Amino acid sequence: KQEVTQIPAALSVPEGENLVLNCSFTDSAIYNLQWFRQDPGKGLTSLLLIQSSQREQTSGRLNASLDKSSGRSTLYIAASQPGDSATYLCAVYRVGGGADGLTFGKGTHLIIQP
Amino acid sequence: GAGVSQSPRYKVAKRGQDVALRCDPISGHVSLFWYQQALGQGPEFLTYFQNEAQLDKSGLPSDRFFAERPEGSVSTLKIQRTQQEDSAVYLCASSFNPLAVGYTFGSGTRLTVV
Chain A
1 KQEVTQIPAA LSVPEGENLV LNCSFTDSAI YNLQWFRQDP GKGLTSLLLI
51 QSSQREQTSG RLNASLDKSS GRSTLYIAAS QPGDSATYLC AVYRVGGGAD
101 GLTFGKGTHL IIQP
Chain B
1 GAGVSQSPRY KVAKRGQDVA LRCDPISGHV SLFWYQQALG QGPEFLTYFQ
51 NEAQLDKSGL PSDRFFAERP EGSVSTLKIQ RTQQEDSAVY LCASSFNPLA
101 VGYTFGSGTR LTVV
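Protein chains in written order, with my numbering: chain A, 1 to 114; chain B, 1 to 114.
Derived by calculation from the structure, the hints in this document are not laboratory data. Bear in mind the structure is a predicted one, so any value in this text is a computation, not a measurement. Hints are supplied without guarantee of correctness; some may be wrong.
With a straight-line Cα cutoff of 20 Å, these simulated DMTMM-like cross-link-like pairs (lysine to aspartate or glutamate) come out [said to hold, decoys possible]: (1) K57(B) with D86(B); (2) K1(A) with D86(B); (3) K106(A) with D86(B).
Selected chain B positions facing chain A (in silico; Cβ < 8 Å) [claimed, not checked]: (4) H29; (5) L39; (6) G42; (7) F65; (8) F66; (9) Y103; (10) G106.
Footprint (simulated), chain B over chain A, 3 or more residues, beta carbon under 8 Å [as the list claims (entries may be wrong)]: (11) 11 to 18; (12) 28 to 41; (13) 54 to 61.
Note that beta-carbon positions come from the ideal geometry of N, C-alpha and C, so glycine has one too.
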């Protein structure tokens, strides 16, 4: 069974710092990996989608990388801002997943201090 | 519509009461998923529809949970005889092509059973 682990579980840093969130998964047979942001009491907002044939995706200050062979992905946030404070969730869509769809990690709770 | 819409936004139910949660996916999205998210956890898969067909319901925690999508668009998740452990956020997601473009999530319904 696919398991997704996110480290750290929580992170608090001063504004302006660059930071890295980590995601690992046990079964490397995946179709794609998706990073989401979740604000308190809200649903999930998709940030970046990396297909299994890709190594990275970039959107603004965000960069996500994928190493399928080692079962790892990282989300890099440059020049962090207080508005980046949220929970960041990593999810994988496994090959042959059928209806099982996405398997999520528990998330990294990020606080950016003004 | 422009996004995935879920209603109600919040629901408080007395233990033993039946509840119905609604999801309006993005028009044209074939795939629809329901997830359950407990406090401090990542979303957990409940069930999946492709059009009106429920292809997998293996994630439903008990036979008190029932989901339907009779016309291949709007879906309803029904929970009978609610218990306190059913308290969670219920998220709906839809996609036109999950492998290519990933999922779009709604804002969720927060269910509290008292």
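Status of each hint after checking the structure:
1. With a C-alpha separation of about 17 Å, the suggested pair K57(B) and D86(B) falls inside the 20 Å cut-off, and the hint holds.
2. Of the supplied pair hints, the one linking K1(A) and D86(B) is violated, its CA atoms being roughly 24 Å apart against a limit of 20 Å.
3. Restraint check for K106(A) and D86(B): satisfied, since their Cα atoms lie roughly 19 Å apart, inside the 20 Å limit.
4. Because the smallest distance between the Cβ of H29(B) and any Cβ of chain A comes to about 13 Å, over 8 Å, the interface hint for this residue is violated.
5. The beta carbon of L39(B) comes no nearer than 11 Å to any beta carbon in chain A, farther than 8 Å, and the hint placing it at the interface is violated.
6. Among the interface hints, the one on G42(B) holds; its C-beta lies about 3 Å from the nearest C-beta in chain A, closer than the 8 Å criterion.
7. For F65(B), the suggested interface contact is broken, since its CB lies about 15 Å from the closest CB of chain A, more than 8 Å.
8. Interface restraint check: F66(B) against chain A, minimum CB-CB distance 16 Å, threshold 8 Å, status violated.
9. The criterion of a C-beta within 8 Å of any C-beta in chain A is met by Y103(B), whose closest approach is roughly 7 Å, and the hint holds.
10. The beta carbon of G106(B) comes within 5 Å of a beta carbon in chain A, closer than 8 Å, and the hint placing it at the interface holds.
11. Residues of the region 11 to 18 of chain A lying with their CB closer than 8 Å to a CB of chain B number 0, which falls below the three-residue condition for coverage.
12. Check on the region 28 to 41 of chain A: 5 of its residues sit with their Cβ under 8 Å from a Cβ of chain B, so the three-residue criterion for coverage holds.
13. Coverage of a stretch by a chain is defined here by at least three residues with a beta carbon nearer than 8 Å to that chain's beta carbons; for the region 54 to 61 of chain A and chain B the count is 0, and the condition is violated.
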